[in-house]
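Make the complex out of the two chains shown on their own, each in a separate frame, by following the hints.
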Amino acid sequence: MQQSNRLRPFFENITFDRVDNEMILNFGPQHPSAHGQLRLMLHMQQEQITKAHPDIGYLHRGMEKMAENMIYNEFMPTTDRMDYIASSSNNYGFALAVERLIGLEVPRRAKVIRMMLLETNRLMSHLFWLATTALDIGAMTVFLFAFREREYLMDLIEDYCGARLTHSAVRIGGVPLDLPDNFIGDLRKFLDKLPENIKDYEDLLDTNRIWLMRMENVGVISKEMALSWGCSGVMLRASGVEWDIRKEEPYELYDEVEFNVPVSDKGDNYARYKLYMAEMRESAKILYQVLDMYEGTEPALMAHAPQYISAPKLDIMTQNYSLMQHFVLVTQGMRPPVGEVYIPTESPKGELGYYINSQGGAYPYRLKLRAPSFWHTGILTDLLPGHYIPDVVSIIGTTNIVFGEVDR
Amino acid sequence: MRAYTPKDNVQKKPYYTDRYWVAPQVAKHDVSSDEVFAHDLDAIKAKFEVLDAYIQVDQMVVIINAADNFAVIEMLKNEREYNQLSEMSAIDWLATEGKFEVFYQMLSMSKRKRLRIKCKIDEKESLQSVEKLFRSADWSEREMYDMFGVVVNNHPFMKRILMPDDWEGFPLRKTYPLQGDEFAAWYEVDKIFGKEAREIIGPENRDPARIDRYDTERFSRLGHEVPRGTDITNGEPDTPLVYQEPEGVFLIEKFDAEQSVVISDRHR
Chain Y
1 MQQSNRLRPF
11 FENITFDRVD
21 NEMILNFGPQ
31 HPSAHGQLRL
41 MLHMQQEQIT
51 KAHPDIGYLH
61 RGMEKMAENM
71 IYNEFMPTTD
81 RMDYIASSSN
91 NYGFALAVER
101 LIGLEVPRRA
111 KVIRMMLLET
121 NRLMSHLFWL
131 ATTALDIGAM
141 TVFLFAFRER
151 EYLMDLIEDY
161 CGARLTHSAV
171 RIGGVPLDLP
181 DNFIGDLRKF
191 LDKLPENIKD
201 YEDLLDTNRI
211 WLMRMENVGV
221 ISKEMALSWG
231 CSGVMLRASG
241 VEWDIRKEEP
251 YELYDEVEFN
261 VPVSDKGDNY
271 ARYKLYMAEM
281 RESAKILYQV
291 LDMYEGTEPA
301 LMAHAPQYIS
311 APKLDIMTQN
321 YSLMQHFVLV
331 TQGMRPPVGE
341 VYIPTESPKG
351 ELGYYINSQG
361 GAYPYRLKLR
371 APSFWHTGIL
381 TDLLPGHYIP
391 DVVSIIGTTN
401 IVFGEVDR
Chain C
409 MRAYTPKDNV
419 QKKPYYTDRY
429 WVAPQVAKHD
439 VSSDEVFAHD
449 LDAIKAKFEV
459 LDAYIQVDQM
469 VVIINAADNF
479 AVIEMLKNER
489 EYNQLSEMSA
499 IDWLATEGKF
509 EVFYQMLSMS
519 KRKRLRIKCK
529 IDEKESLQSV
539 EKLFRSADWS
549 EREMYDMFGV
559 VVNNHPFMKR
569 ILMPDDWEGF
579 PLRKTYPLQG
589 DEFAAWYEVD
599 KIFGKEAREI
609 IGPENRDPAR
619 IDRYDTERFS
629 RLGHEVPRGT
639 DITNGEPDTP
649 LVYQEPEGVF
659 LIEKFDAEQS
669 VVISDRHR
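For the record, the sequence lines run as chains Y and C. For the first sequence, this note's numbering assigns the number 1 to the initial residue and increments by one for each residue that follows. For the second sequence, this note's numbering assigns the number 409 to the initial residue and increments by one for each residue that follows.
So that you can see chain C by itself, here it is in the shape it has in the complex (with noise of 0.2 Å):
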């Protein structure tokens, strides 16, 4: 029987795992350990409601309801000085927790702070859009709808912005190969030379380390050479190996001990 594989998550495996491996965490601070980062958190508290709050290698970490992205954002940017949007993006949780967490990257210039507010919305859910507060949202949403699927509401531009707009498939879900899908075998072949060249040329090779032993036009065989394209797959041909022809080669003469002569000193 095959061996099981999770479809939820194909990503790489492991080929060791010990189930007996407590993996080690990196610290979480209380906030109130930090008088700056403890302020912020006073002034998120008093408005919205806060999941989780944390100091995780010098930079606070919030937790918050996914619909209060917008005006926690904007209460950071008016009132708590965080002017910069430096990153958002998302995780995929989707095989755990069917949700996606989405996370903000900030930072306060003044107050050389850097927080992260992070909310977690389900598969179907979308999110507000904050390309209002921040232009450079506008390129970062693209992006996280482009690798995840995560629509985002009142965006001025919803669309793919690295992979071309007519693709199928998340490429950064974790459902999602890592060597593309058969959509992504087809893809060019059905764009330049349309969907009636499948046959002739074939889905494309997305792996650049896929070995074919069948294949003697791109693969050298070490010890078991036959004439390059020849057909071995109803088994090959016995050639023996022959790396000089029995008569000699022109202007080569074979090695013969008696006639050569023995260099002692090698600055001669």
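Here chain Y stands alone, though its shape is the one from the complex (with noise of 0.2 Å):
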């Protein structure tokens, strides 16, 4: 007999003599479309699904738990590690958070620079999910256009902070550097070109048969269903409701700056398709007016508040109480005040929300994670059954999970 613990090949999954005909499939942990560790058990009637069980874990590492035993600061990295296409968006829902619950009001500069990275990150995070998505569905080239543009962007963030996929660009009272001398110029042509590439990738998907066939009227989600499943982002303005984090609810400059939502009624994965291209053009527009606003903010870079923030590296190498304070701050870390906080933000896959419960400590009594593709696995569910196998890979695709964020 075999055991099914040993590392031995074994057929558990797949059970073909059944009275009722029923397969039962099991699509990854390993499954190059499932864009990371997801294991789909599929109940199969011929081809057609009638049931479906996501399963997930397979990349938990238990950042909740961290976090209770980590000052604020040490946690910032960890952050990076959830949603690793667009890890700026993490470490600033993070610091958003922290400084909600201290009080802190950020330098303009700061701002500035954080919406430039919010942006640059939300392009980067979409032009990976275009590129994947269509080399899921077997459009190559458009692949390796998506990537070639997304490098851009990378060298771009490597010109800022130095890392290339795990930025922690963002920290807890403003960010640690100010922009390098071409960074605004490189962005600014990146800018310029980005709606001749965004025209290329639409002019090889938007009217490809093979596309639209595997696109259109697949995976569609209702109004209700998505409001339900708390689904947020692209997955639920392309089910008709009109809600984005930064327009609703804006935080950092994002009530001075404008730019429109794009939403679409169909709920289908074209209609999500179209949202995204759609929003590639808004963070451009964005981008476009943050950077005129960074002449002339003042150069602070980081908030004043002693307790809490270390002070500037020039205070801290001439003045002896800045030492201290930076010294008692790096060991023993920030203790905000009792109470608690959820702040939600938009992230590129939808609302990234931290829930801080701080008891006075320097560690967070309780810290959870809403990652917005938590949701939107779960509503695999509900969704894939009635649809066929090859819908399958579209749908993951344009979910856009990724599983360090569904896991964390």
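The hints are simulated quantities; they were obtained by calculation from the structure and are not laboratory data. Ideal Cβ placement from N, Cα and C applies to all residues, glycine included. Do not rely on the hints blindly, as some may be mistaken.
Heads up, incomplete: computed chain Y residues facing chain C, CB under 10 Å, no partners named [unchecked claim]:
id, residue
1, I56
2, E242
3, A362
With a cut-off of at most 27 Å between alpha-carbon atoms, the simulated DSSO-like pairs for lysine-lysine come out as follows [claimed, not checked]:
id, chain 1, residue 1, chain 2, residue 2
4, Y, K65, C, K519
5, C, K519, Y, K247
6, C, K485, Y, K223
7, C, K521, Y, K223
8, C, K582, Y, K65
9, Y, K65, C, K599
10, Y, K65, C, K415
11, Y, K223, C, K540
Pasting the structure below:
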């Protein structure tokens, strides 16, 4: 008899001779189009899915537990590993939550830089989404094109913070660095070319017969279903709900910039694809406005709050008291006031929320990470039945799930 | 005598505590300061017992009895336009009060307001599922069960979600150590190789920062080098430090100040 636990191949997953002709297909955990470790247990009638059980947890690192054993600043690099396609938005969400808990106001230049990082990350994430989804469907050219553009953005981020994937480019209370000299010029050059690039992708895909067959009327999410499943971001807006946290509950400088929130009422894969493309254009629009804001801001990058935030490096190196305070903040950590806070931000994937319960100590008492992809994976339970095997790939593609975020 | 460590909370403790430190509080505002929230609270108060209610960081927090959780959320959804349950989970207060605190983070898109419903339950007590109202609670409640062991009644599929099905212990409880417990250390060994291989393989090292001073295979010993793999549990051999073989190395000459040239112009 085979033992299921040993490292030997065994075939518990596929049963061929059942009376009801139902086949259980194990999709994953290693599947190139699952974009991570997703296991789907699919009950099939011929090619059609009758029941779906997403099984997650293959990338579970216990970030919430880790957060309870770390000082606040120590946790920042861990947030990078959630949505590692757009890590600055995770950094930002956490920094914002702690800032709201403390009640800090961030200097304007830091806000401008954060806006640039957030929107650059959104572009990176959407390009990555387009590339991988198109590749899953079979459009190799789009994959290469989109990765080429993403590479420019990665280089740009590398110029700013030195990292390409896990940026940690935001600090609680501001940003660590000012922009390098070439940053604004390079970003502007990229943005000037972006509309052409997006047009290239759309020329390749919009009227492509294969793309349309895989996308149109596949994976239709109704408005009620999207709301009930806690969908957010593009998943929600493609189903006809006009809800963008940047617009409705503006944070940072989003209330000062002009941009539109693209909405569709179709709810299918194609609608989501169109929204991603439209969002890229809106991001570019925001970035142009933010680039103009940078000029004429005060040079301060970190908030002044000696109890929580270290002084600038110059002060630390020249003034005794700043050095002492820096030493205490590094070794013991800041102690936010007693209270709790839930701060949502619009990450490229949807509503990224941080719930922090502070008991006045240097470690958070409880930190809950509300990652959008978690529910966008859950919705597959209700979304997949009725679809066919090839649709699974395109639906997983357009849900835009990232497993660092699902499993945390 | 070994220092006493409390068993009901094994989370990391700060090495420095100030016993005179009085932690500041995040301001709690009266609910009447916000018109929308005041109406919502009145609607809840009309039918249910509200233990406490306040506004903190622009969001209303309402503390109710755990038995009312389904009815309150149903009312908020159907009558007060709170159309999304964006998050729910628990907080472990077992060490201090012997209770779990469960919170439901809700969003009303039409009013642009977020509120948090909270209730407390005992360790062995179970809670009514709100999965019938919000499908998102399906996975949230499973995660809460997985991480805290809070059982939810009337849930369609009450099973662990992130941890393996046969896992023992609830990782987010304060009694659960960060590096995992005894069960965690043997889990993969038992699963993959079987219990009989325990003696050969040993427990899994779950502390990535662990240093073994007797391990000469994986740790370099700067200044105290010994040949790789030497057993040094019973003292170590005295190895003199030799950085170059006495008779010299092929192609490499020892530095001789007499024969060397000093370059003064670096652009030469």
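Hints and how they fare:
Proximity of I56(Y) to chain C holds as hinted, the smallest CB-CB distance being about 7 Å (cut-off 10 Å). Using the Cβ-Cβ criterion of 10 Å, the hint placing E242(Y) at the interface with chain C is satisfied: the shortest such distance is roughly 9 Å. Of the supplied interface hints, the one on A362(Y) holds, with its beta-carbon coming within about 5 Å of a beta-carbon of chain C, less than 10 Å. Distance restraint check for K65(Y) and K519(C): the Cα-Cα separation of roughly 34 Å exceeds the 27 Å cut-off, and the hinted pair is therefore not satisfied.
Simply put, K519(C) and K247(Y) have alpha-carbon atoms about 14 Å apart, close enough for the 27 Å limit, and the pair holds. Straight-line distance between C-alpha atoms of K485(C) and K223(Y) comes to about 15 Å, which keeps the hinted pair within the 27 Å bound. Between K521(C) and K223(Y) the alpha-carbon distance is near 20 Å, which keeps this suggested pair within the 27 Å criterion. Restraint check for K582(C) and K65(Y): the C-alpha separation of about 9 Å stays at or below 27 Å, so the hint holds.
For the proposed pair K65(Y) and K599(C), the alpha carbon gap of about 24 Å is at most 27 Å, so the pair holds. Between K65(Y) and K415(C), the direct Cα distance comes to roughly 17 Å. Compliance with the 27 Å bound is thereby established for this hinted pair. For a cut-off of 27 Å, the pair hint linking K223(Y) to K540(C) stands: about 17 Å separates their Cα positions.
When held up to the earlier numbered hints, the structure conflicts with hint 4 and nothing else.
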